[in-house]
Amino acid sequence: MAGLTRTAGAFAVTPHKISVCILLQIYAPSAQMSLPFPFSSVAQHNRLGLYLLSLTKSCDDIFEPKLEELINQLREVGEEMDAWLTDHLTNRFSALASPDDLLNFFNDMRGILGSLDSGVVQDDQIILDPNSNLGMFVRRCILAFNLLSFEGVCHLFSSIEDYCKEAHSSSAQFDASNNNLESLTQYDQMDMENYAMDKATEEIEFQKSASGIVPFHLHTPESLFKATEGLLHTRKETLRTSKKDTEATPVACASSSTLEDTLVDESLFLRTNLQIQGFLMEQADAIETHGSSSSFSSSSIESFLEQLQNLAPELHRVHFLRYLNKLHSDDYFAALDNLLRYFDYSAGTEGFDLVPPSTGCSMYGRYEIALLCLGMMHFRFGHPNLALEVLTEAVRVSQQLSNDTCLAYTLAAMSNLLSEMGIASTTCVLGSSYSPVTSTASSLSVQQRVYILLKESLRRADSLKLRRLVASNHLAMAKFELMHVQRPLLSFGPKASTHHKTCPVSVCKEIRLGAHLISDFSSESSTMTIDGSLSSAWLKDLQKPWGPPVISQDSGSRKSSTFFQFCDHLVSIPGSVAHLIGASYLLRATSWELFGSAPMARMNTLVYATLFGDSSSSSDAELAYLKLIQHLALYKGYKDAFAALKIAEEKFLTVSKSKILLLKLQLLHERALHCGNLQLAQRICNELGGLASTAMGVDMELKVEASLREARTLLAAKQYSQKSGNAVLGLPYALASISFCQSFNLDLLKASATLTLAELWLGLGSDHAKRALDLLHGAFPMILGHGGLELRARAYISEANCYLSDPSFSVSTDSDTVLDSLRQASDELQALEYHELAAEASYLMAMVYDKLGQLDEREEAASLFKMHIIALENPQDVEQNMA
Amino acid sequence: MVSKDSCRNEIRAAIRQLSDRCLYSAAKWAGEQLVGIEQDPSNFTPANTRFQRGSSSIRRRFSTNESISTPLPSVGFSQAATPLPEEDEAIDGDFYLLAKSYFDCREYRRASHVLRDQVSKKSVFLRYYALYLAGEKRKEEEMIELEGPLGKSDAINRELVSLERDLSALRRTGAIDSFGLYLYGVVLKEKGNESLARASLVESVNSYPWNWSAWSELQSLCTSIEVLNSLNLSNHWMKEFFLGNAYQELRMHTESLAKYEYLQGIFSFSNYIQAQTAKAQYSLREFDQVEIMFEELLRNDPYRVEDMDLYSNVLYAKEACAALSYLAHKVFLTDKYRPESCCIIGNYYSLKGQHEKAVMYFRRALKLNKKYLSAWTLMGHEYVEMKNTPAAIDAYRRAVDINPCDYRAWYGLGQAYEMMGMPFYALHYFRKSIFFLPNDSRLWIAMAKCYQTEQLYMLEEAIKCYKRAVNCTDTEGIALNQLAKLHQKLGRNEEAAFYFEKDLERMDAEGLEGPNMFEALVFLATHFKTHKKFEEAEVYCTRLLDYSGPEKEKAKSLLRGIRMAQTGFPSMDLEHFPI
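Protein chains in written order, with this note's numbering: chain A, 1 to 883; chain B, 1001 to 1579.
Hint data in this document are derived by calculation from the structure and do not stem from the laboratory. In this text the structure is predicted, and so the values were computed from the model without any measurement. The C-beta atom is built at its ideal place from N, Cα and C for all residues, glycine as well. Some clues are possibly wrong.
[What the hints assert, rightly or not] Below, in silico cross-link-like pairs of lysine to aspartate or glutamate (EDC-like), each with a Cα-Cα straight-line distance of 16 Å or less: (1) K1191/B - E306/A; (2) K1554/B - E1519/B; (3) K1004/B - E1032/B; (4) K1139/B - E151/A; (5) K1371/B - E314/A; (6) K1367/B - E1140/B; (7) K1370/B - E314/A; (8) K770/A - D820/A; (9) K664/A - D640/A.
[Claimed, not checked] Here are a few chain A residues that face chain B, going by a calculated C-beta distance under 7 Å: (10) Y345; (11) A347; (12) I647.
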């Protein structure tokens, strides 16, 4: 049928490939010499060989270098014989005067190949082994040329003319002799527009060469290759991002329009299906990575895709990319339109690597995947009920067509949807469906349904060996167990065992299982073997063996880890895998956070941000930043946190409801509470509540948080705390919370409960001070190791209080014990701007100094106390600072 | 009112000028209109009379302007706005003559080369036009040569760049005539610069209105009524032709018909107008009338292939197999490599149930014209018949991408997805098709059926759709019956009774009988009986007695129950408490 493309592993002859062939001829002329003419040393010869090898390896890349780029590369590789190489290359091209010359050229090429059967090769003879990489390349070229029809040869010939013409404008400045009459007439024929563009490229080229040529003359290989890398890189980058920055400076504008032209031009050479698919995968990753961040313009990608679609109307995957692009720029109608169009054309059978092309699918297509994608799209756009309806249909259709793979994915998507939707009324929707999986679940709670769906999905994914899905299911499971602690059935009342079914070990196990993917993914039989970046990675890595293995900070700015630079040219981890592994680190961070170890959480987040920050989706990266900022706020005070927030705000687009905005409000609220500025706190609470949508069952988390914060504000307003009440009343609660924390494995919370208990004991009278101190000292390692600023300060102050109220303790002999603690507490509270506690600390300090008779210090502490008290009573001043 | 004579004179001059510039299809169109004008009875030649009088009896039956001689309401053309076309230079250059003969032999590049140094406007136009056509020809060839693994590659007319540059330079200096402007517009359109193209074409038709090709290009750029209204066109009778066509493409069929009716006052024998009228009537689903119009058209112009695909659609819809085969045979002999011919043959095979062959001919039609909308849709239908849903979806989608307003293809897409058991997914497509044709009950019924499927079972939504269908005058009466049944199913007997009564009225009016009628009668009889409205119940029961079968027995027992209830055993229901 018309919609399905012909699968052709086509290998088309292009001018660039002819260039490579010419160079191959130089590398291995059919002459009987151990070292052919232009080479002065074996090392030089080998270098060209290596270069050619990388060229042939990268011939599957979607972008082929233009002649001038090739000449530039040659200049680096050929060192002193570069002029000869370039001359030879251009001369060979200008010698091609008619299509017949091409025929002769390929006949000559046959000569440099050794015969397949003759094993006898003289020692000093350079002959290409027909089965070597280079030999295969030559053979493929010859074969492809022989298959060309006469029209094909004509096309090749005219594209060679274009190929050389383009190079002329730039090579003119290097090689004036080349600028012969012929090229002048070509200039004549060119219209003014093109000429102007050529001028622009010339200028750009000149600037580039000016910056690139200086290190070249130094003749130090290191700087030389760095420069080349930069040159190559900018080239590649401009090519790759194509028209990404169309509205930049005039120079960039000109260059991008030339690029547009070259893109049109280049399309004369047909690409293989795999090349384009690989390229599109790369683009999809880019869309995912950059998401809606401000630096990335979706309209430029859109126009590029439009162009691609004009060039290759049968390439339906472009529609899918347009869908992705629209999805990330939050354009619902365009996204929907493109999604439907993609599946209408491709029937879900083109380019989807999650479905191996098995038998019997061609007749019915794979429209269940369309349902799956549509469901996920609705989910993303915040239509959970629609999404659920569509996914239910997806389950039904994939069961009907026994597409287990799709079923596994759909179930996973469904469980994700349900767990995100939370308590929303889903029963009516699920009730109407009658698929076995969901109907058994209809009588259960949402949580139970999520669990069942996950288990089902995991089971299927496991048996189908869908490693990515298995990994992500494990992660989802870990998340589920983190969020829903399961109690043992039939255990109520105070006597019940406090042992729960969920334990940290199982969470850890799930996360670990998820992370196994990184060692596993290579064995997955993926239909997409050619990753666009993979083939182009070869040329980029050309310099690696010679360059020093030192990764300086600035050169690694793009991929900021040594780990990834290794991976880059060894295996090149697919984006989706890196994404999943990154997610596992984020989840680890979260679980440590809950578990109560801030340093571990921070470490995992840092691992994520450095290793996977570039390759992951923008929303995940945003989350990581968020965690780091939260950590900063807890441990370094608000000033640092707000500074970091500013950076994050620049990096991520702050649209309404974004996590960053939420974080900002949270931080402001905390700070207002600490400062005692309750009006501001209340206002922020209201603002937070305003972020949530008014619809029922949506944004539940946000609503819960808003009301929680409101409650806290009100509590603070009434000055209600256990201190004001009877301490004895507080004791059972504190004890109960300790035992709960123990059973829930919440160590940090337990430590803080212990602290509260100690405070309560202390409140009962000075004869309990000893006991309180013991409790406090027991909790100290946890508090100091993992606790935030506030907790630590509180612990210090309590400790000092304990000492001071202990009758056996004498201030005059052991003043440092108390003063040290108080000083620590005071410093930390300063950073936190927690005036109330800070005032208490200074007060205690002043008292101690008073006892010791150190009047100066006493005055200092007293003035500090006064300052905090004033700040506490006049929160408006602080507010002005904040605004 | 424009006088027929002045029209005639204008067209005559225009035809000469158009053919001088090798704008053949515009000249052809103008020629058709020229003989479409009723001849002055004073200078009849016998040949004229025979040509024009062949058919008029039927024409007059359907012509709304019964008497052509009555003066038509003037629309306000000013005579001054329609100047006679200027005469060209009296003597053509020798090079021009040579170039024109080359052009006529389709040697475009040669023609343009011969004219390279000519300065007269006519020669300059012909030079660029020949160059453009040479580029087009090469483009078509390249399209086939470059057919790569991903289908058509990027074959473009390589002359466009230089043409645009030269023509824009000419325009800047003011040395461009209206024909040049037309070509400039075409070039701009192909380069994707639609607004400039529109401006250039408007300028062209304002200064020289007789070039139908320019009007059609302009029409293809008017994708919405807003765009159409924003055009600044000066008044001329050619504008009416343009508006008629444009309204038709924008699915404003009644407006379009009004324009053609008016034009028929002058061009009363124009085949073009008749075909266009038939097209509009076809969209309004007046099949009988359309069939007669096409029959007459074919009698006047037996070798006409244009628009005959539409005729074949009508014949297909009426299942007139013999007429369709006759038509197919005729167009096949006339010109078998026309997309229309292939489409007609495809329709013929489809009607015969030979779907593979039908697909083959639709394919051939599409090979000849890739943007042939109806062939894509029809091919989709064939694939649906062949149960090859993915192929059908693909075909429909192509139709939709060529013209997003094609409600038939949207409907086809919905149907295909529903067939595959994806009713929820299909709903989107039904919604799309209804958006473009909100007054068609068939579409509403299809959507309601989709809601009714056991997978979705969203009966409230189905009821809403059926109500819309009833409002759109559902001729087949499915909606009323379904509405009644759905209400019955949901236990809303009052509503059910209301709709059953309505349905009964409809069937009575149309003189129909059948199971639906029994169903309605039985329901109504029992309904009224349970509500103690015995008179009504009796009426329905007695109606049922006219028929034989189980309904009659049912009616008898119902009647017995009614009698019992009326004669003093109100609480006893014999039906439910058999003694």
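Quiz item: Of the numbered hints stated previously, which ones are contradicted by the structure, given in increasing order?
Solution: 8, 12
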